[in-house]
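Colleague: In case you want the letters, here they are:
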Amino acid sequence: DAGVIQSPRHEVTEMGQEVTLRCKPISGHDYLFWYRQTMMRGLELLIYFNNNVPIDDSGMPEDRFSAKMPNASFSTLKIQPSEPRDSAVYFCASSLWGSGGELFFGEGSRLTVL
Amino acid sequence: AQSVTQLGSHVSVSEGALVLLRCNYSSSVPPYLFWYVQYPNQGLQLLLKYTTGATLVKGINGFEAEFKKSETSFHLTKPSAHMSDAAEYFCAVSDRGNTPLVFGKGTRLSVIA
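Respectively, the protein sequence lines represent chains A and B.
The opening position of the first sequence corresponds to residue 7 in our numbering, with each subsequent residue numbered one higher.
The opening position of the second sequence corresponds to residue 329 in our numbering, with each subsequent residue numbered one higher.
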């Protein structure tokens with residue numbers, strides 16, 4: 007079975023540009039999570055969805071960040087405008103209610119903002 | 329609110345030696361506890377998890393962890409380190425699986441030949 011698929015794997019952009027990260031969760035999973043990983047702050051939860059509905063976005067750092075899940079098989083995380091401090095690895099993960107909370111992670115999108 | 333503390337950001341062991349990575353948690357309700365491993369340029373993979381029942385949990389690649397409620401700990405061990413164990417290890421906690429995982433800062437394990 008395919009795991010969580012993220013794209014792009016690497017993104018280099020200039021400050022002020024719009025960045026869109028994409029995620030396809032595991033088929034049948036009803037929860038989707040976006041995490042950000044940095045050396046300084048570790049893994050931070052940005053937002054999560056249940057059945058395509060955002061449940062908690064309190065981890066989204068600023069209004070420059072937005073996330074959508076238009077259907078059960080696709081989610082986006084958008085940063086507009088991007089800043090150098092947004093440079094990080096962004097992970098998408100999915101899970102199935104009743105499975106004991108286990109998360110299945112994608113391989114991440116490494117973002118570098120110059 | 330739940331939290332996780334991993335003692336030691338970097339642990340170095342010799343090949344064949346015991347691996348011990350420490351994790352302490354804080355939770356107001358019975359926790360679900362997890363250990364994940366991250367190899368360079370990859371996502372996180374589940375090593376093992378504790379939900380209910382037996383407090384000694386066995387995972388993949390010879391790792392195991394023991395849930396000790398009285399010590400609020402969930403330390404990860406492996407009797408004999410292998411070079412392929414070199415990676416970043418993350419401990420995480422959830423409120424009985426009802427809340428998103430909260431991760432510790434991670435411990436980087438180096439294995440010396």
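These are computed hints drawn from the structure, not numbers from a lab.
Yeah, the Cβ is synthetic: ideal placement off N, Cα and C, and Gly gets one too.
Accuracy of the hints is not assured; some may be wrong.
[Said to hold, decoys possible] A partial selection of chain A residues facing chain B, derived with a Cβ cut-off under 10 Å:
#: 1; residue: V10
#: 2; residue: S13
#: 3; residue: E17
#: 4; residue: F80
#: 5; residue: G106
#: 6; residue: G107
#: 7; residue: F111
[Unchecked claim] Just the calculated beta-carbon pair ranges, DEER-fashion:
#: 8; chain 1: A; residue 1: S33; chain 2: B; residue 2: K433; range: 30 to 36 Å
#: 9; chain 1: A; residue 1: G22; chain 2: B; residue 2: M411; range: 28 to 34 Å
#: 10; chain 1: B; residue 1: S340; chain 2: A; residue 2: E89; range: 17 to 23 Å
#: 11; chain 1: B; residue 1: Q370; chain 2: A; residue 2: R47; range: 29 to 35 Å
#: 12; chain 1: B; residue 1: T383; chain 2: A; residue 2: E24; range: 46 to 52 Å
#: 13; chain 1: A; residue 1: K74; chain 2: B; residue 2: P407; range: 45 to 51 Å
#: 14; chain 1: A; residue 1: Q23; chain 2: B; residue 2: S398; range: 38 to 44 Å
[As the list claims (entries may be wrong)] Below, in silico cross-link-like pairs of lysine-lysine (DSSO-like), each with a Cα-Cα straight-line distance of 30 Å or less:
#: 15; chain 1: B; residue 1: K396; chain 2: B; residue 2: K433
#: 16; chain 1: B; residue 1: K386; chain 2: B; residue 2: K433
#: 17; chain 1: B; residue 1: K397; chain 2: B; residue 2: K386
#: 18; chain 1: B; residue 1: K433; chain 2: B; residue 2: K397
#: 19; chain 1: B; residue 1: K386; chain 2: B; residue 2: K396
#: 20; chain 1: B; residue 1: K433; chain 2: A; residue 2: K30
#: 21; chain 1: A; residue 1: K74; chain 2: B; residue 2: K433
#: 22; chain 1: A; residue 1: K30; chain 2: A; residue 2: K74
#: 23; chain 1: B; residue 1: K433; chain 2: A; residue 2: K84
Colleague: Please verify whether K386 (chain B) and K433 (chain B) have alpha carbons no more than 30 Å apart.
Modeller: holds, 23 Å
Colleague: Would the pair K397 (chain B) and K386 (chain B) pass a check requiring their Cα atoms to be no farther apart than 30 Å?
Modeller: holds, 17 Å
Colleague: Under the criterion of a CB-CB separation shorter than 10 Å, is G107 (chain A) in contact with chain B as hinted?
Modeller: holds, 3 Å
Colleague: Are the Cα positions of K396 (chain B) and K433 (chain B) separated by 30 Å at most?
Modeller: At roughly 21 Å apart (the allowed maximum being 30 Å), K433 (chain B) and K396 (chain B) satisfy the hint.
Colleague: Could one say that the CB atoms of G22 (chain A) and M411 (chain B) fall in the range 28 to 34 Å?
Modeller: violated, 44 Å
Colleague: Answer holds if the nearest beta-carbon of chain B is closer than 10 Å to that of V10 (chain A); otherwise answer violated.
Modeller: Where the cut-off is 10 Å and the nearest Cβ of chain B is about 7 Å from V10 (chain A), the hint holds.
Colleague: Have a go at the S13 (chain A) hint: is there a Cβ in chain B nearer than 10 Å to its own Cβ?
Modeller: violated, 13 Å
Colleague: Does F80 (chain A) pass the interface hint, meaning its C-beta sits closer than 10 Å to a C-beta of chain B?
Modeller: violated, 18 Å
Colleague: For S33 (chain A) and K433 (chain B), compare the CB-CB distance with the range 30 to 36 Å and indicate the outcome.
Modeller: Hint holds: Cβ distance 32 Å, inside 30 to 36 Å.
Colleague: Would the hint linking K386 (chain B) and K396 (chain B) be met if the CA-CA limit is 30 Å?
Modeller: holds, 15 Å
Colleague: Holds or violated: are the alpha carbons of K433 (chain B) and K397 (chain B) at most 30 Å from each other?
Modeller: holds, 21 Å
Colleague: Given the hint that K74 (chain A) pairs with K433 (chain B), test it: the Cα-Cα distance must not exceed 30 Å.
Modeller: The given pair, whose Cα atoms are some 27 Å apart, holds under the 30 Å limit.
Of the hints listed earlier, those the structure fails to meet are numbers 2, 3, 4, 9, 10, 11 and 14, in rising order.
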